[in-house]
Every structure is written in C-alpha cells, then in structure tokens.
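**Student:** Sequence:
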Amino acid sequence: MKLLDGIEVRQTAVDEAPEVARKAVDFAGQIARLLGAEVSVDHHYSTTDRFLSRGKSVSKQPLEQWAAPGRFLLSAGIDTKTPADGVSAVVLKAASGASEATLFADSGLSGLLGDPERQPLVPEGDYGAGTVGLGLITALCALVVKWRRYRQPDVALVEATSVLSWVNWKAALAGDLGQDLQREGDQAEWPVIECADGHFALVYTERDWPSLVKMIADPLLEDAKFSSFRKRSANRNDYLAVVRQWAKNLTKAELSTLFETHQIPAAPVMTAVDLLRDPLLLHRQAFSETRLPDGVACRSPVLPHRVTAVSGSERSPAVETEQERLPLEGFRVLDLGIITAGAGVGALLADLGAEVLKIESETYPDPFRAWAGDAVSPFFKGNNRNKKGVALDLKTDSGKASFIELVKTADVVIENFRRGVLDRLGFDYARLKAINPDILLASISGQGLTGPGSTNSSFGSTLEASSGFAANIHYGDQRPYITGRNVNFPDQTVVLYAAAVITAALSQSKCGMHLDVSQRDVALFLSGDELEQVSAGRLVERSARVDIDRAATGSEMLAMEMAHNSSAFMRSPDGDLVKGMPFQLSRSPLEIRTDSPAIGEHTAEFI
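If you count the sequence shown from 1, position 329 lands on 566 in my numbering, and the numbers rise without skipping.
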C-alpha cells in the first residue's frame, strides 16, 4: 500500500546550501517517492547518479508556476521566490559550513564515539544526512495529514544540527543534571571484542550475567569480584580479558549461535557483504534488484516497513476550518511502547496532537521509570510527556476487557514488545481488527516480525552492530565502535521513521492496517549507496577522513540548542528538561502541554 499516493512533492535548494543539506532533502524525497508520492527535482539535484536521487523526474518549471494548493515543497533553504499560498513546505536550515563532521560534533554524538584517549569519531557514510532526512520526512507526513484532513497548509522548520541533537537527547538530559556522558571505548560496559573473522558487540543485561558465565565456562568468571554489577564495574578489565581470550578463536557465526542459544542479546559487527547475504534480510526481501547508472546490476535496500494487512472503512471527508489545527488532533493512540523505540513514537504522535494513552501497570511498568532508581526518571519523562497514564494489566481478564473497550474507540495501537508477547496476550492484529476494523497496529521491532532470528532479543547497540552502522565507525584500522547505552542510535532513528509512516497512514481514506517497522532496516536504509556499490562488486569510494579535535559535551550541546531557541529540548510544565521535537510547525506550533503521567494517573477518565 502506497501511503503517499496522490501527493506531489518538489525538491529545491538555495544555491549556497551545503552538500549535506541537499543529501538530507534527497533522503526525504526518495522516501516520499517510495511511499507513492510524485517527486520532482530542480537543477540542484541529479536523478541518476545516486541511490537517493534515482527515479525522480526533473522539473524546469519555475517554482511560482508549479506552486498550487495541496502541493508540497522540500527545500534545503528557500529562495526569494516564495511559493504561492496553499503550498506546504518543509524547510531545512543548515549552516553554510555544515557537513557530516559538524553535525556529529556539534550535536555531541561524536563525543560518545571512539576511544577517550583519542579523537572523537564521525561515522563513514551519510548517517548524519540520512537522519536529518528522516526528520524531514516525518515533518512532510505531518503536513500531508494536516492538508488532507483540514485543507490547511503549513511550514515545517527543520534545523539540521538540532535533529542530531534530538537524537542525542539522553546526553542533553544527563548534562542538565551535571552528569555529562563520556565515550568509554574498550572500557565500555558493552564493548566491541575481536573474534576470528571480525568483531562482535558484547551486549548483555544484568540478568544475562549467569548465562554468560555458563556459556564461556571459565572458572575465572566465577570469582567473587564479579558477583555483582558494582563489583564487575570495578573489575571490568579483568573479566573482559577473559571474554576476549575466549572469543578470539571463534567466528562470528559460531559466536552468534552461542549467544542465541543462551538468549544473550550480543551481535556480530556486520559489514555490507555480511548484510547482503544475511538470511533474515533475505527473508524480509530487504533488497530490490536494480542497476547503477552505467548499467551494472546491484541491490538497493527497500523501505524499512511492511504493510502486512489492510482493512477499514472510508474516512470522513476533509473539514475546512479557519482555526489552525495540529495534524493529528482527534486521533486516539493506545501506547504499549516502552523505553525509546516504542514510547518515543507515541511521544512524537502526541506532539502532533494525538491523544496518547500510556498503558502500563504496577506489575509491568515502562523500564525507563526505574532509571537510576528514580520512579520519575528524566529518561522516562523525555519519552512520555504529553501523554495520559492508564493502568491496565493485560494478563488479567478485567485488564483485557478494559483494553478491548479502549480499542473500540482508538485509531492506533503501538507496541514494541519482544516478538510473540502481544500474540500470547491475545491481541494480535486479527483480534484487534475483529474488535475495530479501522485500527492501525504499529509493531516496532528490532528486526521485523518474521524470519530466522527475528524473535531474538535486541537492543539499540545490538542493532548498531548487526545493521552495518558500527562497521563504519573506526579510526582507519577497521576496529569498530558502538555507542553503548549512551545513544543506541537505531532506537532514535526508528522513532522518526515509524512516526512518519503512522502519520502518513492516518492521512489515508482507509487506515486499518498492520505496520511492521524494523529498527535494523531503518539503519540499513541509511547506507543504501554503500550497499549498492558493494553488491555491484565495487569498492566503496570514501572521501578523505575528517578528524575533529573535540565534540560538544551534552551540556554544551544543550546550551547551544537553548541559545538559538531550538525545539529539540523544552521544559515541561513542572519545569524539568525533556526531549522536545525534531522540527517545528509555523502555523500550529508544537508544545509540551503536560508532564509525563504517573502509572494510572488518568485511568478514571477512560475506564
């Protein structure tokens, strides 16, 4: 199902727009095209030479002649010939010297990548431009739904560095508390270790330690100095030495089998070659066959979501009103999401005007509530402001009955449980559709709903390794790094993409569907050019490595964002700093309207 069928989009730029800004617009334009929009470009863009430009038409028509109500502009800056009334525009602002390096440095992300004794790192490739492009497509989809529902045009303003700062929101919140996060390199709790044919990301939770000890079967790990999290932290070098010695003679495939058998969420650091032959990605048909401009066959990543079912009835026609509306006003979202990948999507939909009910219980709260032992942690607040709190235990008959009544009144259900959990609770898509044919179920997972290994547990850091992202973070010696708990890059980027496709779906005349959104596939899509070149048997051409002397700390990045009145971080009504929005709307500004709720704070309003 093409979620943006019938939408006309034009890409443009000011002459002085930096390359990274034009690439970001290209990312958004290509996603819009693959979602079904008719996308044209002006002379600032090519339509043949890059994965992200291909398939678009060239328009020589002056912008003022092309402009008409119901059309949409994607611009890296905007020239003095402003479009006519009725055109909605997504405008990207970027400093004249902006680049991949400045985006990662000024947002503080580079400060968390690499070895603390060496320079901070910038990933190879277009991850900065691609992430900004995800912010642009989310903004575009918000403008589309606002036009389709209310016939109201609007302008979305996106600042390039602010999107990356928004991704690095945990560093900003920690900096606001005087606890600037630091890169830890080899001493990280979740380091990358060497193995016989590459590298492996050692990711595990506190509860996984006994399984790790059993798997490695080295009596040194049974020493009392490793018996608690605190003791392991104090003796990290010692236990990591044992793990590294054990892993160095095992292959990535052998390690993968061992970790999967013991249900530990570690993962191999996969290269582009690994990804192109990965069984799960092949099962998901994650690549399409195409050709490079010179006719050589290659494979391109497809969009990171699947529509597995469609149902529903016709929506009401557009209602024209003079009062400015938020794009998602009137929609109700049942948010079963936790941590970031699920809860963050609900937060962004709430920012866009939806009524979002945060559903959890005393027996199964969002784990982010307990960060640092605080029931109202800053991390929880960051992903749950603008929501209502409803307490339901979906394992009880009464909780199930109340949830069914809410589903009857809802438009969207968001979940990012481990695969199979929603089915075991009795609320798979077939059941939800039987209750409400118009329901949209958004399943956000690490690697998709089906396929070999899809049920394995995964974290953002696991997915950094398994998506190819980590393989592109190194000092030139090909020794990769991951961000660890500090960022979890795929957790953040999937929020943008999932919010975009949910919003686009809500603009359709029929909305009942099951969306399968994979975090790994989102990260994969950001390296499309590399995957095309490698699949064609060519070496990937990289520009000269850019070294940066230092990157902003979380507190410095926050100060810069606050100084230029960015919406990436805002104060909630109780005065606490929370994650804001990756873009802002001109005519219907996005705001933090309410604090994050206590468990069940608003249950009586809805049950």
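If you're looking for bench data, these hints aren't it; they were derived computationally from the structure. Check each hint, because a few of them may be wrong.
Unchecked claim - Cross-link-like lysine to any residue pairs, in silico, SDA-like; alpha carbons within 20 Å at most:
id : residue 1 : residue 2
1  : K747      : T646
2  : K747      : R668
3  : K645      : S746
4  : K485      : R473
5  : K645      : R656
6  : K451      : F463
7  : K632      : S614
8  : K330      : R824
9  : K625      : V644
This structure is a prediction, so every number in the text was calculated from the model and none was measured.
**Student:** State for each hint whether it applies.
**Tutor:** Checked hints:
1. K747 <-> T646: holds (16 Å)
2. K747 <-> R668: Holds. K747 to R668 sits at ~18 Å (cutoff 20 Å).
3. K645 <-> S746: Satisfied, since the Cα-Cα distance of roughly 19 Å is no more than 20 Å.
4. K485 <-> R473: holds (18 Å)
5. K645 <-> R656: Violated, because 24 Å separates the two Cα atoms, which is more than 20 Å.
6. K451 <-> F463: With a Cα-Cα distance of about 14 Å, the restraint between K451 and F463 holds, given a limit of 20 Å.
7. K632 <-> S614: violated (26 Å)
8. K330 <-> R824: holds (18 Å)
9. K625 <-> V644: Between K625 and V644 the Cα gap is close to 16 Å, so the pair holds against 20 Å.
In summary, the numbered hints that this structure violates are 5, 7.
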